[in-house]
Structures are given as structure tokens and as C-alpha cells.
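Enquirer: Listed here are the chains, written in short residue letters.
Protein chains: 2
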Amino acid sequence: MLTHCWQETIRLCPVIGRGGDAGYKVRGRMSDAPSYSPPVKIGEVMCGATVSRVVSSLHPDFAEGDWVLAYSGWQDYDIASGDDVINLGKDPQHPSWSLGILGMPGFAAYMGLLDIGQPKAGETLVVAAATGPVGATVGQIGKIKGCRVVGVAGGKEKCRHAVEVLGFDLCLDHHAEDFAEQLAIACPQGIDIYFENVGGKVFDAVLPLLNTQARIPLCGLVSGYNATELPDGPDRIPLLMATLLKKRIRLQGFIISQDYGHRINEFQQEMGKWVKQEMIHYREQLTEGLEQAPQTFIGMLEGRNFGKVVVQVGPSR
Amino acid sequence: MLTHCWQETIRLCPVIGRGGDAGYKVRGRMSDAPSYSPPVKIGEVMCGATVSRVVSSLHPDFAEGDWVLAYSGWQDYDIASGDDVINLGKDPQHPSWSLGILGMPGFAAYMGLLDIGQPKAGETLVVAAATGPVGATVGQIGKIKGCRVVGVAGGKEKCRHAVEVLGFDLCLDHHAEDFAEQLAIACPQGIDIYFENVGGKVFDAVLPLLNTQARIPLCGLVSGYNATELPDGPDRIPLLMATLLKKRIRLQGFIISQDYGHRINEFQQEMGKWVKQEMIHYREQLTEGLEQAPQTFIGMLEGRNFGKVVVQVGPSR
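Chains A and B supply the protein sequences, listed in that same order.
Here the first sequence stands for residues 1 to 317, numbered as in full-length UniProt numbering.
Here the second sequence stands for residues 1 to 317, numbered as in full-length UniProt numbering.
For reference, chain A alone in the conformation it holds in the complex (with noise of 0.2 Å):
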């Protein structure tokens, strides 16, 4: 397998769409902020895949004219040894989509909405950067599964290719002055899946109209990756956000008696055992009285209890 072969490159090389792995990479790597790919070094080739033919080729899984989907980068040949490098065949239908709706973009979109965002019929789905190749393969798998898609995008064409092409039931032009309200106008049952693709403003005009147990995958803060640092202003959503994204994090709201009721006789028997087991232990804090539980309560919220506040109004036996 270390073989090398020549291959021909770059046929066609990727320079990212909006959102995705691939852009927030690809911009990442030009700066030297942590981030979980190295930085390019200068005078290094500027990294990004490719779709390129083999010239020439020592290795038996490869032959002239083959194409290829590879990691080459911002330069017209290349050598590569094999490895991570996947063969399309001779004579694909078309070669670059494999950068695009058949490669890493559409594969974000899949998942993301399908796994993260899971989608139901009749359900409004906001997706951002409608017409990029994340954006519009999320809006169209959302018509696919029944869902109201509601497109962002910058400007009155894409905005009309999202409708027109694409089938979104509605594009809005982040560019309007008055977005946020065109938005909630768009939105009259509210979101309940949001694909994250591009943060800032788009991101604060759909807060607001999330529903309960939306779903937001959070794919790509694209509006912000050209910004020197992240604002060490006083707002750190920014900054929560690139955390959550660089670090592939999961924060979820949950509130017990709607989201688990369900598994209450699971968690019982469980629990119960570990009582009885003296495997955990339990620490109440009594206070006797009715009229005490005023105080009670402020000083919980204060912090000034010390396990469980439990107010004993009558005998306990």
C-alpha cells in the first residue's frame, strides 16, 4: 500500500462550500488558534480535497485515467501513496460531486438532520446558507420527509433558486432590515428543527422562535470564521457555540417529567436497589413548620441548604 503513484491534480479542487467540515477546516487551518486540524504552515500547500485522475500509478487499486477523490490540496499535481485516497472509477457521472452532494457536504446534511435534527412530517425546518451544498441537500431531504423548510439565504436569486430548484416552501433574504420579523412571519407554528450552518444574526432571529423540543445540529458558524479571533466581548454565545462545534459537544435541556416519564419504573427499580444497597447515599434537610417555608425557599435558592429542603408541616408517623 505505500506504493506511490502519480496522479493527476487537481482536476477539480474544492475551494468549500458554505458550513460543512470541509470550510470550517479549511479556514481554520489558516489561522494558528487551537482547533482540532494544525494549522497550514507557510510556504505549505493550502489544504482542501480534491477529485483528480491518476497519470500514472505503481499501485495495484489504481490505474491511468482512473478518477479519484483525495485530500491534495491547492495545487496541480500531486503524489500520494494510496491511503485515504478512494477510487471512483473510470468513467463517473459526475466526477466533482463526490466534493459536494455525494461527498463529505451531503454526507453533513444526511446526518445532521437526519440523526441529530430528526426530522417529522408536518414539522418546520429553518436551514441557513439555503443554497449551499449542505443547506440545500438539508431543505430537500426535509421535503423528502414531510417537512416545511423555510431557506436563509443572501439575495434574491438564491433565495428564488431555493423556492424555484429546490422546492423550499419559502426563502428569506437575511440581507432585509427587518429579517428577524419576516422571519417569525414565515414561522407561524414556530421551528422545530434548526440547521445550524452560518451563526450570527440568523442564529438570534431564530432563538427566539424555537419550539420545545427543537433540535438544532449545529454543521457550521460560517458568518464567523473570517473574524480574526472569537469576540472576547462581553456576548459569549460566539464563543459557546465555536466550543460546542470544534469540541462536537452536546447540550441538551431536558425536562424530566416530559422527556422521561416514560422510564419511571425503570429508574425506580434501579434506584431503589442502590438506596437499599447503601450504594448511594441521601441527605434531607428539615425544616418544621409551614410558615417556614418561605425563608426555606429563598435560602435554597441562595444556596444556604445543605441536601434536600423538605419543610415537615405535621408528624412525620
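Any given hint might turn out to be false.
[What the hints assert, rightly or not] Restricting the straight-line Cα-Cα distance to at most 20 Å, the calculated cross-link-like pairs of lysine to any residue (SDA-like) are: (1) A/K120 x B/R248; (2) B/K247 x A/P92; (3) B/K247 x A/K145; (4) A/K246 x B/L207; (5) A/K201 x A/P234; (6) B/K90 x B/A70; (7) B/K247 x A/K273; (8) A/K143 x B/E270; (9) A/K247 x B/Q258; (10) A/K143 x A/V163; (11) A/K156 x A/A186; (12) A/K156 x A/G122; (13) B/K276 x A/P92; (14) A/K273 x B/G167; (15) B/K156 x A/E302; (16) B/K246 x A/L207; (17) A/K247 x B/R250; (18) B/K247 x A/G122; (19) B/K201 x B/A184; (20) B/K247 x A/G190; (21) B/K201 x B/P234; (22) B/K273 x A/Q258; (23) B/K276 x A/D91; (24) B/K247 x A/L209; (25) A/K145 x B/G82; (26) B/K201 x A/L240; (27) B/K120 x A/M279; (28) B/K247 x A/K143; (29) A/K143 x B/V275; (30) A/K276 x B/R248; (31) A/K246 x B/R250; (32) B/K246 x A/Q258; (33) A/K201 x A/D235; (34) A/K273 x B/K276; (35) A/K156 x A/G190; (36) A/K201 x B/L240.
To be clear, the hints were calculated from the coordinates, so they are not data collected in a lab.
Given chain A, put chain B in place with the hints provided.
Expert: Relative to chain A, chain B alone:
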């Protein structure tokens, strides 16, 4: 089921522990700000879960002397229809524990940690409000699952309790001026799970220490409940967190290649089918010539592209 029974209320009235559903509900219902529960009206009985004893009953499922778990609020007696009243029997071992370890706080700890937190042996779990009914349970379940558990509590006495009685590996006092530094030192391997119960400065100290693929079950934000309103200031993290909690939202960062690499075959089959059947449209913006790559890339970051940006370097066939 609508026959009324008398019940003696409130043997034990919980005035809620830190965090958990009840805390948010009770404090939240003291204001008329929009929330998932309606506000308590002036003159109405303040809401709260209760453990009570039945004084007399016309209901077939409840007899005099039965202990019951109900939601009767801050008062001495209540009349209940029997709906939403759980019979604990004649002689439960610790009647009031149904308000804590064996009730909603214990259940929130159990589900939040196990289902959202997904603890694995050897991971670092940080638990705020470490001696509260939720936090104490979270930390102890964490130990059962083999985690290194770092508690956070207010005051030395609580911290000592967390370590000596509950068996946490460590517990830090959030009143310390150098709390954030202490936390960093206490978590040399970073934080894999942060069970969020308090918000505010504990979250601020946790954020930079979170590991890749960390999980944050967001169960409560008690540090903010007493604020008269959500800060309208420039920092909107409190607003975001309150929204995620109230609406039980899942916000999840992901990086497609790293999170879903193992499911690429499924994607390629499904997407290949959709593209072939023209259920999904795809648009590329081709730029010719490698020398156009930088300008094209900049244009994409600024939103001047339309569709997946691809730079064509050589002939495409």
C-alpha cells in the same frame, strides 16, 4: 376516578432542592414571565410536590392512613380527586424520600446522567450543587459507573460532605476567588460530562475545560432563578441556556467525518438513489483556474457564491 377523597396535607412539603424540574417550576411560577407552567395567581396556594397521609377517602384506590405523593402545594390540607396522586402504601420506609432520591430529583439525576451524559469508566464528571438532591445523586451514580467525579458546592462543609460521605473524588468551593483555576487543576484530563444545575460562573469555568464530545445534560440554572428577568445585556448565554432548558432543546455540535464516518455507506446508497431519481437537485459554481482559488474562497466566506464552490484546474473530461 372523580370521587373525591380527603387527604391530610402536607405532612412533608418539599420546598424544592437546588436544580431539577421542581426548582424551576416553583420559582418560575412565582413570576408571570412566559414559562412552561402558568404562574401562580395572587391568592392561590403556592404549588409544590407533597407527601401526605390520607385522612378519609371515598376513592377505591386510597384508604385512611395511606401515604401519598401528590402536588398539593404549600398548605396543611388538600382535597384531591385521586388523579395524579401516587399511593406509597401504609408504611414506606422514608415517606419524604419520594420527594427526593426516589422522586423527581433522583429521576432527573438518573436519566440526565445516564441517558444524556452517557458516562464511561475513567471519564471526568463535574457536578455542580454537589450536595443537592440532584447533584449528590448524579455524583454517586457517576462513581458507580467508574467516573472520576469532581463536585462543586458552596462552602467547606458541603465540600467535605461530598467527598467524605458521598464519595466524590474532589469537591471545590465555588466561593473561592480562584475557583476557575482550581477547577482547571482538578481536571487535568479535561471534562467529559458537566451536569448543569446552576449556570452562571460555574458554567463559565467549565466551558474552556470541556473535552471533545463532552455531554452537558442541562437540568437547571438555579443561580439565575432569582434574577428578576433574564439579563437584557450584551451577554446572551443566559438567554440561550434558559431557552434550551425551558424548551428542552438539543443543541449538538458535530463534525461529519469524525462523528459519522462509520455510516457513510448508508448515506451513499440513500443519497445516490435520491439524486438518480431527481428527488434532490444539486448546484455547483465552477470557477476555472487554480489561480482563482483564493478569491473564490474569500467570496464564499462572504456569501458571494451560489451553490457548491468548485475550482476547475484541468479539463474535466
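Enquirer: Name the hints, by number, that the structure is in violation of.
Expert: 2, 3, 7, 12, 22, 25, 28, 30, 34 and 35
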